[in-house]
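> Below are the chains, spelled out letter by letter.
Protein chains: 2
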Amino acid sequence: MTTTSKHGALVQAEELKSFAIRAFEKVGVPPKHAEITADSMVLATLRGEGDHGSRLIAIWVHKIINGGTNPLTPLEVVQDKAAIGLLDAHNGIGAVAATYAMERAIAKAREHGIGWVGVRNSNSLGSAKYYAMLALPHKMVGIALTNGVPLVVPPGGLTARTGTNPFSIAVPAKSRPALVLDMATATIAYERLRIYAARGETIPKGWAINRDGAPVEDPREVSEDAFRKGGGLLPLGGYKGFGLSVMVNVLTGVFMGGAYMDGLSEFAPHNTPERDSFALAAISIEHFMPYEEFLERMDDFIRVTKDSKLLPDVDQIYLPGERGFQREQERRKNGIPLDWPTAEALRALASELAIPSIPGLS
Amino acid sequence: MTTTSKHGALVQAEELKSFAIRAFEKVGVPPKHAEITADSMVLATLRGEGDHGSRLIAIWVHKIINGGTNPLTPLEVVQDKAAIGLLDAHNGIGAVAATYAMERAIAKAREHGIGWVGVRNSNSLGSAKYYAMLALPHKMVGIALTNGVPLVVPPGGLTARTGTNPFSIAVPAKSRPALVLDMATATIAYERLRIYAARGETIPKGWAINRDGAPVEDPREVSEDAFRKGGGLLPLGGYKGFGLSVMVNVLTGVFMGGAYMDGLSEFAPHNTPERDSFALAAISIEHFMPYEEFLERMDDFIRVTKDSKLLPDVDQIYLPGERGFQREQERRKNGIPLDWPTAEALRALASELAIPSIPGLS
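Protein chains in written order, with my numbering: chain Z, 24 to 385; chain E, 24 to 385.
Accuracy of the hints is not assured; some may be wrong.
It does not matter which identical chain is meant; a pair holds if it fits inside one copy or across any two.
Below, a list of computed lysine-lysine pairs in the PhoX-like style, where the Cα atoms sit at most 20 Å apart [claimed, not checked]:
1. K49 to K228
2. K329 to K197
3. K329 to K228
4. K104 to K228
5. K55 to K332
6. K162 to K104
7. K162 to K197
In case anyone wonders, no lab produced these hints; they're calculated from the structure.
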């Protein structure tokens, strides 16, 4: 059952997914690819990352309509040697390219213990955690890295020179949720700022500076366009986050023969390829120890980590991915709240594509 | 030529290295292992990281004398399958174990494109960058991770539950210094705090909290002993640095079948094994593209990154490892300044072991 609210909508995960599949198929995405893409977006949304999920559905569809993304994702195998590989996505859908690359990395890890597969010339992959988590059912650790447009200033600099360049690492456990780290190397993910902007909220000092080096408080001033004139997001923890961001770019764009820095584009304009690069890795646990033993070690590790004295008003220590797991359980049961701009965008998309909307949305 | 100063000493890199070799050989370390260990410590010191180099020489020697480290480093191959491997250091010297593990990772990367080799039951490796940089002459990217004793509180917690768990990534360039990221996942490396303590300086708020959650300003209050009663270092950037630290521990101690958290020890007491675990990885660039092409891409990437408008009083943008490279050049030419406690410890060590001291030191 779904219900509507004044400011947005409440939808069921499976219905959101079916809608996304309908939308992508309608604009020429092959059914298997539409399923992968929809699945990645719904998982991000279930885990509380709608800014990298539901919010992107209409954007990605419009990129296909406007020629900025090739709906067929014609993957080309550029390298395929033992434990490594490289795919050229030829401007296809990032979710599809990253999923196939991770599947290859998993197959390589099964044979060689580890697999490392890159992607270049792709559009954005959305939420990095989805691809890292693909390794989990295969008794493997998954790792996913992606570069992105320059939005982040180097320490001491006033020109955006590196991306928020997120990465994710996923590790299975036994009776506990899998550990899933998924972090931007800037103080804040760019897509998350768009939510502050949509809500008309201010952002804390220390997240971004303008072209004069002064703190930005209005998230609408944080944009790729504004940053062309100077300023940008600040790296996580100064030079350390900057160094991490640089290394993610080196291991993706530079290493995979793809674009980097000004060679990359944002979603807008919708007729422009983004040209992102990724690296996907899988490491086989069973090459090191029996899987069951590993799971028990993880459970113990998690138990001890959580067994900490707490600051006042803190209810528990959360491991990476634990809040996301809880949110996923809750949203699978009670539905996914969509904020007003996302709900509106999906209603308009249903109308534009002349496809059935989502129950609870219209 | 070497000179002394009132507060410390100025020594030449080669003489510091020869001294370290003499000291390690005197306490039973095989010549080849003594050479590796000394080389790792001198490189760290040249790069401005004497807290992970020259300062540790006397400590590591005393650990051997007191039975806390096996001078023979009897490495056992636990796993060796295609692209992955695992060594048990049987309480040997971390520098030796990590070097051999990286050499195996390099050999595996030459064959499979990537190599990933773990170490367990080792003593500390000192400076992570040394091992990542071993991959550079082989036209590879190098990666090194290590866990360490719990010194860092989780966000919201008052019990040290994860280590400063540093990692390093090294990438070659053509006419520019190789990029070398080497970062602790806490706001500050623990060894660096020891320098503040030795100098009687206070530390900034935001680096550590005491057992009540209040900021610590006296670095002498930051110790493994004190943290047993509560408090600890703060993770880099809150939950992100905590997540990174957790993942480094998972990919080393948990994954490699080694110790983690309270199973680990610090250098002191000197008769106790530290039981650190490492992961060393190498990725072959030539499996992806011609090496020369990669180097030119790196130079371009570095050039564009540095080409940023600057804040007032900033002279240039530094890439990871660039300051360390400059310091290394300068110190190779002009000598290495040793602070007073380190100089004193080395003088005492020469006397204790009855070996020739370093010119400029005594």
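> Each hint should be assessed against the structure and marked as holding or not.
These are the hints, each one checked on the structure:
1. K49 to K228: neither (43 Å within a copy, 56 Å between copies)
2. K329 to K197: within (15 Å within a copy, 46 Å between copies)
3. K329 to K228: For K329 and K228, the Cα distance exceeds 20 Å both inside one copy (31 Å) and across copies (25 Å).
4. K104 to K228: Answer is neither; intra-copy 47 Å and inter-copy 50 Å both fail.
5. K55 to K332: Answer is neither; intra-copy 48 Å and inter-copy 46 Å both fail.
6. K162 to K104: between (23 Å within a copy, 17 Å between copies)
7. K162 to K197: within (11 Å within a copy, 39 Å between copies)
The structure shown violates the earlier hints numbered 1, 3, 4, 5.
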